[in-house]
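Going down the list, the sequences are from chains A and B.
Using the working numbering, the final residue of the first sequence is 236, and nothing's skipped along the way.
Using the working numbering, the final residue of the second sequence is 815, and nothing's skipped along the way.
Keep in mind that the hints were calculated from the coordinates and are not lab data.
Please read all numbers here as calculations on a predicted model, not as lab measurements.
Check each hint, because a few of them may be wrong.
Claimed, not checked - Below, simulated DSS-like cross-link-like pairs (lysine-lysine); rule was C-alpha separation at most 30 Å, straight line: (1) K123(A) to K214(A); (2) K716(B) to K379(B); (3) K192(A) to K123(A); (4) K214(A) to K501(B); (5) K192(A) to K716(B); (6) K379(B) to K238(B).
What the hints assert, rightly or not - Listed next, the stretches of chain A that the computed footprint assigns to chain B, with coverage defined by at least 3 CB atoms under 8 Å from CB atoms of chain B: (7) 32-38; (8) 48-59; (9) 120-133.
Every residue gets a Cβ at the ideal spot worked out from N, C-alpha and C, and that includes glycine.
The residues making up each chain are set out below.
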Amino acid sequence: MRVDRVAIAFLTGFLCVGAALEARQADPYLEKRLAMVRDQIEKEGISDPRVLGAMREVPRHLLVPPEYRPMAYAPRPLPIGEGQTISQPYVVAFMTEILRLKPGDRVLEVGTGSGYQAAVAAKIAGEVYSVEIFPTLADRARRNLESLGARNVTVRQGDGYYGWEEKAPFDAIIVTCAGGHVPPPLLRQLRKGGRMIMPVGGPFLTQNLVFLEKDADGALSQRNVLPVVFVRLLGH
Amino acid sequence: MSSRWSSCASLVTDARYGRVVPAVFLVSAASLANEIFLIRLLSLRFWPHFVPLIISQAMLGFGASGVALHLLRPRIAKTPGTVFAWVVLLAAPSFELAFRASQHVPFDPFLLLWDPSSWPAFALFFFLLAVPFFLAGAAVGISLSFPLGRAHVLYAASFGGTAAGAFLALPAFLFVPTELLLRVPLGMGLLASVCVLSYSCRRFPAGRLLCAGLSAVLFLVPPVPISLTPYKDLAIMKRLPATETLSVRAGMTGDFRALYAPGIHHAPGLSFRFEGEIPPQAALFADGELRGIVPREGGKNPPAYLGYLPAALPYRILGRPAVVQFSLRGTEGILMAAGNGASLVTVVEPATEYVRMIEHDLAAFSGGMPPALRLEIRKEGGRNFLARGGRGYDIVELSDVSSLTFSSLGIHATGETYLLTRQGIRDALARLTDRGVLAVSGWLKSPPRESVKMLHTIRAVLEEGGGAPVPARFIVVRGWGSFVAVARRNPFTAGELAAAKRFCRDTGFTLVWPEAGPPTDSRGPEEEGFREAVHSALAGPPGRSPGEGLFDLRPVTDDSPYFHRFLRLRSLPAFRRLLGDQWFPFLEWGIVFLALSLAVSVMLAAVFLLLPLPFSPAGGGSGGLPVAIYFSALGLAYMLIELTFLKIGILLLGDPIRAAAAAVGGFSLLSGIGSAVSAKWESPETMRRWVFPGIAVLAAAGFLTLFHGAPLLLAKEEGGRFLAFLSALAPAAFLMGMPFPAALSRMTVANSAAIPYAWGVNGFFSVAGASVASVGSLWIGFHATVAAGGILYLLAGKLYLRLESGTSSAPPGGI
Chain A
1 MRVDRVAIAF LTGFLCVGAA LEARQADPYL EKRLAMVRDQ IEKEGISDPR VLGAMREVPR
61 HLLVPPEYRP MAYAPRPLPI GEGQTISQPY VVAFMTEILR LKPGDRVLEV GTGSGYQAAV
121 AAKIAGEVYS VEIFPTLADR ARRNLESLGA RNVTVRQGDG YYGWEEKAPF DAIIVTCAGG
181 HVPPPLLRQL RKGGRMIMPV GGPFLTQNLV FLEKDADGAL SQRNVLPVVF VRLLGH
Chain B
1 MSSRWSSCAS LVTDARYGRV VPAVFLVSAA SLANEIFLIR LLSLRFWPHF VPLIISQAML
61 GFGASGVALH LLRPRIAKTP GTVFAWVVLL AAPSFELAFR ASQHVPFDPF LLLWDPSSWP
121 AFALFFFLLA VPFFLAGAAV GISLSFPLGR AHVLYAASFG GTAAGAFLAL PAFLFVPTEL
181 LLRVPLGMGL LASVCVLSYS CRRFPAGRLL CAGLSAVLFL VPPVPISLTP YKDLAIMKRL
241 PATETLSVRA GMTGDFRALY APGIHHAPGL SFRFEGEIPP QAALFADGEL RGIVPREGGK
301 NPPAYLGYLP AALPYRILGR PAVVQFSLRG TEGILMAAGN GASLVTVVEP ATEYVRMIEH
361 DLAAFSGGMP PALRLEIRKE GGRNFLARGG RGYDIVELSD VSSLTFSSLG IHATGETYLL
421 TRQGIRDALA RLTDRGVLAV SGWLKSPPRE SVKMLHTIRA VLEEGGGAPV PARFIVVRGW
481 GSFVAVARRN PFTAGELAAA KRFCRDTGFT LVWPEAGPPT DSRGPEEEGF REAVHSALAG
541 PPGRSPGEGL FDLRPVTDDS PYFHRFLRLR SLPAFRRLLG DQWFPFLEWG IVFLALSLAV
601 SVMLAAVFLL LPLPFSPAGG GSGGLPVAIY FSALGLAYML IELTFLKIGI LLLGDPIRAA
661 AAAVGGFSLL SGIGSAVSAK WESPETMRRW VFPGIAVLAA AGFLTLFHGA PLLLAKEEGG
721 RFLAFLSALA PAAFLMGMPF PAALSRMTVA NSAAIPYAWG VNGFFSVAGA SVASVGSLWI
781 GFHATVAAGG ILYLLAGKLY LRLESGTSSA PPGGI
């Protein structure tokens, strides 16, 4: 019996070590990703365990163009083609956290881009509907999300300005592309009690984020929330 | 070089007639035209303000050609005619091919800081565009350095060509589509090729025919579309599904395109309270950047959403106002005025082709202009309009002083904005009626920058005039992402303040100034930061706004008219300390690019101008410190003065293209003439007593005349301003052509081994000088930059007599 226990323990340990080694081999960026979450996200004040878990799980390097993979976990946005960028990891985590997503939520994303934000949201919410206006990006994001196994994300090529009327209302709306105004159709498709976030700024720099909440009576309240770097600058 | 290629052969003694003269004329013209056209093409591909880069590239090409001629002199001397013919033949296609090739270089300016691997691509891009200048410089240099014609005739051809190239380029912008602009220098080069087909040989050699034929074929092949940086507004909009080009026009002030796509929805800062529909829109672009919006059928019925933008505030304060708007924002500005009860609208827009596009090409889409509105479009620059005086206005509108789109990257940090200087704002306030307001709107930034700098500027100008307390003469409203500030010479009345409050209530915007009530919890740090900044700018001592320690928020003047430059160099360590790895986005890309241009151009100049010197057949003697300092000073000083004249020319002539043509063409022509006659002035006494001090005095006098005479000159017609500009630069430019050939001539007698070194050093500092001049304009101002140029000339004058010292060797014979 004792020999059996020792053998089982040995085998279990062997399998665990082997699995860990294999996992590391399969995901050569794992350490970088964990360091990203630790240094760029947790340290900057993001604390929602579901958001942190999602950021640890989604392989960002698979969603950026191959030539930028070495920079995938750096604290900066990167080009993804069509003049669009993938937001820096902190901004994605910040936008996800502020929406207070929970399992079962129905989320609309406007501007699929690389699919990274949708993949992160899909780890937490029930369903994610994402609209991308550029056909090439929509196709690539659809493929990427399928390969990541994000089955609760549906990508549609179309003009996100009009939202996704058939699937409305939404508990949360994430507009990932900076815009000059909040589209009135999106405000209509936000459920009472719903939250919405939209970045303001040009490529490579999110200036601030517009956060909207629709209360139980359907009244909107708005405030601009700042990424940590801006708060630091204001406090200088 | 100090006076470009024209100075390289003041000692030509032999003279022969031939087809060299027209070839030199045409190649010189093609080269200058290429320089002017590249300003437009790179402005479209990337962003404006590439002038220093292009001048650096030209200087690199010309400088390298001078060094190459000296190094290869013994070989070229065997068959100078044949080498000349081949250089001309190769120069022709290079004007087109270099740009085509540069489009294939995977060069993304926005990754230069993040990705060091993109540096070689940038160097290659820079090098490729310098090749045509190298060939053109070599062609003219060979003709002058070797006895291929009479010196004075060749000089005349070179100067005439330079002037012709600069001044023919301007009308070409009107008649040649942007994609085909480089066909103009290609065509000139082709004609030059025809001139040399059988030069210095009996028959038409097959190789030359083939090369000229290739140029001819190149002339006929379709142009390659200009590849824009993918982040540019036009590039992004063109990729939208179902995009349709409605109109394309080009002129001296820009390349203008109008696109329609169902995915265009533009309503900057629109209130959440607006629940209606935004009609389909066409987007208008100037050099690839979004310039305005035309709502479909808006002329028949101004869209309601225009009343829900922050910029609508002044219309709610004043009834039936007479309005002047600076720059035509499609039809949106006009429709906003029409929809909000304006009695008269004057739009000041210098881009004639852009106005024609809106008035004619888009008339069917826009539904024309509102028929009930009294509308006048003045096709002139903003400062020209203001300088001329005339009727007063109730609303003077300066919209979009900060942008949300491509230009938010700080690409305009190095661009001159003369309307937003203290002088510009003073002129604008002077055009207000007694009840009139100056209205400024733009995007909010964190920490606030454009908004605060503009409030500082207006406050400073209002305080100059004394009168009622300045804080009572402002109203500032904040939208969710944008702001609008109105200011006037008199305090606002209670009724007007009540109207502003009603506007805020209707739109959901907030009244930030005058301050109302204590802070509430609902305000986030962004809003608090903005309120604090506005309070500090209007009521507090300057320098106390949030972020003011990091950014330069002082008012700008015409002496350094860079409203969009906020970066303080001394703040860089603080940025790094505060933001760690996340500080890059706060750098303004215009400045980053200027710094990188300087670095890359200096590196290339070192490789092509300095490294070859030890291989000089004469032994590569350095000539000692006097030679090094003398020729460095000439290279740098020439650029400091030329570029500063160019920048003040932008104010007087209205846009960078006209200013570059007048400044580059004028300096090249006049300095060339100065070089040609330098032999008569090169006695030590004349140079020391008259030429060097003359340059310092005349450059300063010319600049001061233009700068301080601007209020008078701006009111003159375009022809008068051109004439005044050229007259002001001419005396100094003429003398500036002398020190380089005079020194070479002096060294030929006693210090000839150092001549290649002199060429190289001079070229190196000329290349760097273009960027250094821009840095000087940004941080020390035009006056100081011109003064620095003058001092460098005086320093060179002190060293002129010492150029003969050094190791003498056998003269290279007939440079």
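Hint check:
Note on K123(A) and K214(A): the hinted pairing holds, with a Cα-Cα distance of about 24 Å set against a maximum of 30 Å. Pair hint K716(B) plus K379(B) holds up; C-alpha atoms about 14 Å apart against a cutoff of 30 Å. For the proposed pair K192(A) and K123(A), the alpha carbon gap of about 23 Å is at most 30 Å, so the pair holds. Between K214(A) and K501(B) the alpha-carbon distance is near 24 Å, which keeps this suggested pair within the 30 Å criterion.
Proposed proximity of K192(A) and K716(B) is contradicted: the alpha carbons are some 62 Å apart, above 30 Å. For a cut-off of 30 Å, the pair hint linking K379(B) to K238(B) stands: about 28 Å separates their Cα positions. Check result for the segment 32-38 of chain A against chain B: violated, 0 residues qualifying (beta carbon to beta carbon below 8 Å, three or more required). For a cut-off of 8 Å, the count of residues in the segment 48-59 of chain A with a CB near a CB of chain B stands at 0, and the three-residue condition is violated.
Coverage of the segment 120-133 of chain A by chain B is violated [criterion: at least 3 residues with CB-CB distance below 8 Å; count 1].
Of the numbered hints listed earlier, those contradicted by the structure are 5, 7, 8, 9.
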